[in-house]
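> Protein sequence lines, in the order shown, are assigned to chains A and B.
So the first sequence is numbered by this note's numbering: it starts at 1 and just counts up by one.
So the second sequence is numbered by this note's numbering: it starts at 1 and just counts up by one.
Treat each hint with caution, since some may be false.
It does not matter which identical chain is meant; a pair holds if it fits inside one copy or across any two.
To be verified - The list that follows gives simulated cross-link-like pairs (lysine-lysine, DSSO-like), each with its CA atoms no further than 27 Å apart:
| # | residue 1 | residue 2 |
| --- | --- | --- |
| 1 | K199 | K185 |
| 2 | K596 | K199 |
| 3 | K603 | K185 |
| 4 | K177 | K199 |
| 5 | K174 | K603 |
| 6 | K174 | K264 |
| 7 | K378 | K596 |
| 8 | K596 | K157 |
| 9 | K157 | K603 |
| 10 | K474 | K645 |
| 11 | K199 | K157 |
| 12 | K199 | K603 |
It should be emphasised that the hints constitute simulated quantities derived from the structure, not laboratory data.
2 protein chains.
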Amino acid sequence: MNSYSVRFLPHDREITVQEGESLIRTALEAGVHVNASCGGEGVCGKCRVKIEGGEVEGGISEKLSGEDLEQGYRLACTATVASDLTVRIPVESTVDHSVLNKQYTPRKTARIRQMNFEELKEQGLFVPPAEKVYLELPVPTATDNLSDVTRLVSFLKLQNDEHGLQLTLPVIQKIPKVLRQEGFKVTATLARPVNEGGKTRIINIEPGDTTGRNHAVAMDIGTTTVYGQLIDLITGEVVAEHGNFNGQISYGEDVISRIVYAEKGDGLARLQEVVIGTINGILEKILKKSGIGANEISSITLAGNTTMTQILLGIDPSHIRRAPYVPASTLYPPIRAADLGMDFPEHVTALFYPQVSSYVGGDIVAGIMGAGVYRTEKLTLYMDIGTNAEIVVGNREWLACAACSAGPAFEGGGIKFGMRAAKGAIEDFSIDPSTLEPMVITIGSVRPKGICGSGLITMAAVFFETGIIDNRGKFNRDLDTPRIRETDGVWEYVVSWADETQIERDLTLTETDIDNLIRAKGAMYSGVMTLLAEVGLTIGDLDQIILAGGFGSYVDLDKAMTIGLLPETDTDKVIFVGNGSLMGAKMSSLTNRIRKDVTEVTKMMTNFELSETPSYMDNYIAALFLPHTDLGLFPELSARLASRKSS
Amino acid sequence: MNSYSVRFLPHDREITVQEGESLIRTALEAGVHVNASCGGEGVCGKCRVKIEGGEVEGGISEKLSGEDLEQGYRLACTATVASDLTVRIPVESTVDHSVLNKQYTPRKTARIRQMNFEELKEQGLFVPPAEKVYLELPVPTATDNLSDVTRLVSFLKLQNDEHGLQLTLPVIQKIPKVLRQEGFKVTATLARPVNEGGKTRIINIEPGDTTGRNHAVAMDIGTTTVYGQLIDLITGEVVAEHGNFNGQISYGEDVISRIVYAEKGDGLARLQEVVIGTINGILEKILKKSGIGANEISSITLAGNTTMTQILLGIDPSHIRRAPYVPASTLYPPIRAADLGMDFPEHVTALFYPQVSSYVGGDIVAGIMGAGVYRTEKLTLYMDIGTNAEIVVGNREWLACAACSAGPAFEGGGIKFGMRAAKGAIEDFSIDPSTLEPMVITIGSVRPKGICGSGLITMAAVFFETGIIDNRGKFNRDLDTPRIRETDGVWEYVVSWADETQIERDLTLTETDIDNLIRAKGAMYSGVMTLLAEVGLTIGDLDQIILAGGFGSYVDLDKAMTIGLLPETDTDKVIFVGNGSLMGAKMSSLTNRIRKDVTEVTKMMTNFELSETPSYMDNYIAALFLPHTDLGLFPELSARLASRKSS
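Can you build the whole structure from these sequences, using the hints too?
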């Protein structure tokens, strides 16, 4: 795919984008405001831009007259880049030039780092926990009539130097038939022990040579979503992946409501059944996509938070939500997947990532393993932002962790028009500081239905930087625009008028919404500050910040720092890893070394209970401002605000 | 109970018996023949004896006239000893004195040795595989909110020096509730590892202190019968026991017919289900008898032959009956009893005695362990006589074993009126050499229904010693008695006339029956001789002979030596242990040390395949005579026969 240079006038700002990028997103990326309130569906017709040079695809609409079209006007929202371009933003679609230049800087994106499989191989770490070995056993005779199992085990001992092998009953049951299917030529699957002194287990036996086909499944069991990957253990590649909502969602959106449900009658059994249903659905999909049989899978590694893990294992989670917040267990033995109801043959073992505490779960441990935090010298802050936010700080020498409940605002909960990051959710936003008209970009470029977490953060940041709200999140009552109004005693900003939405109501952001956001980001930020203080560090000491989680992948770093969700830091230090939990589960599927390390790492992770740390509440109260009571913690933002005021 | 002295006239033989012993059994024991062919039910009226001194109970019958009774005549079969007695056998009920004195010597009984629990304790071997530990855990607080499992495991580590503990999912599932039931005061059941380097497992957790109640079940899974014992692991005592026929009997009497059935469709699953049904029935009985709950049981140890074990575990047994006779496995992992369908809570582990080969199974290994053969210096021959006879020779230094198929004659199979040792089976027998009239004693002292294995051996021995049959088992056609006759071309002896039986037919022993017996005993004897020869020993080298098995407990040693079933030896060297398999299972329940040794012992047992040993067939052919072609092997019998001829 080609890259093209797009130059915006009158700003005289240039940006390079991929062919096919939408013009309105290109403008946003370049820090150029274009009025737009319909999310990018071409309904409002406000995002008229003039193509002065080059070619775009689309952008034609009945909102544009023939004359407009002839002059080169197009709608920025439906036009895509097809060559190098020069684009002029007409007066009505843009803002005062001088202000704009100060306000908008090109958007900062963090590097996205995924696991490097080649690196794993080079380091000799590619040792899958389950290994296949092809064996040509001597055929029994009258003078050599050892039992089938002894024949197999002795041969593995002599030929492959395997000692202390263990077998399960289902494997023993298969052995007599399988050995004789292809004349005592068989493939044995050996599961390597995780712990020192553990035994290698023979978990499967197949006729003939099947060593070329060995797979594993990695799965992230999220409160909201479940993702699975099918991994080829010969090549190390992901051959299929699939995600779906956790079927438990209809029993409550967050872990607490799930726990409450689990406490009722057969609630626990029901929730377990439902998530197993979700898992089986994903398994079916990835097997179908890849054309691989369930019998070719050796193991499934699962990572989830403490509540999700306990429920999946049928372990009463009720004490997780009750002081002193005691999980039932932090380590789990390998379990036959079929025993849990997973649609797997009997030989498949399910391995669960261990937990640290009730609120620092296997998903975080997996992220720490997958992102390599436990192996790096760099002092790292690892954050998984969500309703339940988890924070880890440390490196290969030591690790400290904490969890804080941010509330559901980041996932659209408690927000009047809040919604999850799905089609129709406003995910990006800017405003014309003079007209106070918005530029609204939605997921899927359709008319807006609501506001997702990243949209919420961006809006709050934009409102704050443009002075539309103050540092307590209150609207400036003196601004002259019909978009800012009081409804039923609550002040709000109309993001999209009813006829521009899919919901046929004015879509607004209220002061209550902003208040909820401030409390969420305050909890998160004070968690970070408290944990850092407990280990004697400051933000400046950190070498890198790793953001994990679906939400973490969407968030605009600048905006997150503007509202004080993230500490202000060099964005080059920030790395997005996406689904850290899934990444860890995948890593464990590829290398036994990680599985060996994981228990040690879990033990190394010192858990701080924020509710038991007195400074947490002080930090929290100080963080209930935009960005914070102590502006000294946000020097760049302070400078920008100062420059804006003086202009 | 009192003992009384009974003196028989005209023999002038005295014997001491317990009060209440039947007079006819007392006579038999003393070597005194009394005519009797109705088995002891008082029907034939032939066993008239005269009480010349002392008192008997019973013995009164309409077969006796008032005058008879007045003179002191009683029926020996229904009379029991009630004081010191002098009993005269009338002429019509006895035999020629001179012959009798030579023929009958007091019956030799072997010592019965059972496991000595006190000895186990003294040797420090009383260490049950599952141990209960009472723990008062610290209650979690905000500053001590370890997970429940970590709390338990850490406490066991610190307080009880337990390391590397493993837990299963069902235990983890129970922990949160159980810990909180009595304020973190709990009893943990620890299962000790069998192998070096194995881990101790926490298999159960109960609220409060239940250390006083810890039980185990030991079970012998025989082809014909299943026996179970409930053992108190605190006192080491058997608190209840029960036996029943193996429900698989209706699918075939011997292991081969079971295997054949298992090969059909879902035959294996059916047989497994049926034996589990038998086991569950026995469990129910012993729990009911003892008033102990299934939750108070920690483990079940099972011993059975290779076929019974494989079928019980759902492992295809078909290769057991096909050359080169390869069992699927000889060692089995511990298995959750509930997974096998046993009516046990999830925490109960089923432990299976390992096998040596297809025909030397866990029952024999258990016998070797239970009878202490593997710990003795004495050179021992251990035999389990039955359809499938197993022979072990050796001591604590070495062990050799072999199996031979004797056929079903010992269990009444292939015998015209053969039956198992049950009520109505003729189990003892003597004959009047002059009149050729029999003395028939049945199990339960009822009219005869058939002949069981021990009765068969005794009859053959008596016939042979009295010259009624020759050394090829053929009847002397010249004897003048209606009892010896030819029917449909086969010669036979009428043991009881139709009206004296329960079957309303003449109950006979045929030459074909004797032929089958000779082949069975020949197989057994040649097995012993071949195995001894293979290890370079002779009968004379043996320090002791241990006979195991239900059949072994009934057999009359003298008679067994007379027909050449057992090698002729000093009967003081012979020990009956009864159900060796059950004894071994019990031992393993009481001492982990035995469980540790058992794998080593199994490895130490060198298996000889008799079918692959050329001398076996030669030995067999030589043994197809009464007692053997080489009378030099039976010097005492030869002397008796010579003395009889010369008299």
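> Confirm or reject each hint.
Right, here's what the structure says about each hint:
1. In the homo-oligomer, the alpha carbons of K199 and K185 lie at most 27 Å apart inside one protomer (24 Å), although the nearest pairing across protomers, at 33 Å, exceeds that limit.
2. In the homo-oligomer, the alpha carbons of K596 and K199 lie at most 27 Å apart both inside one protomer (13 Å) and across protomers (17 Å), since each shortest distance falls under that limit.
3. Within a single copy, K603 and K185 get their C-alpha atoms only as close as 43 Å, which misses the 27 Å cut-off; across copies the closest is 26 Å, which meets it.
4. Proximity of K177 and K199 under a CA criterion of 27 Å is satisfied intra-copy only: 25 Å inside one chain copy versus 32 Å between copies.
5. When the C-alpha separation of K174 and K603 is checked against a cutoff of 27 Å, the pair qualifies only between copies, where the shortest distance is 24 Å, while the shortest distance within a copy is 39 Å.
6. Taking the closest pair of Cα atoms, K174 and K264 come within 27 Å of each other only across two copies (17 Å); inside a single copy the shortest separation is 41 Å, beyond that limit.
7. Proximity of K378 to K596 under the C-alpha cut-off of 27 Å is restricted to the intra-copy arrangement: shortest distance 22 Å within a copy versus 50 Å between copies.
8. For the homomeric pair K596 and K157, the shortest alpha-carbon distances inside one copy (23 Å) and between copies (21 Å) are both at most 27 Å.
9. In the homo-oligomer, the alpha carbons of K157 and K603 lie at most 27 Å apart only across protomers (16 Å), although the nearest pairing inside one protomer, at 34 Å, exceeds that limit.
10. Proximity of K474 and K645 under a CA criterion of 27 Å is satisfied intra-copy only: 18 Å inside one chain copy versus 128 Å between copies.
11. Both within a single protomer and between protomers do K199 and K157 lie at most 27 Å apart by alpha-carbon distance, with minima of 13 Å and 22 Å respectively.
12. For the identical chains of this complex, K199 and K603 are neighbours both inside a copy (22 Å) and across copies (20 Å), given an alpha-carbon limit of 27 Å.
The structure is consistent with each of the numbered hints, conforming to all of them.
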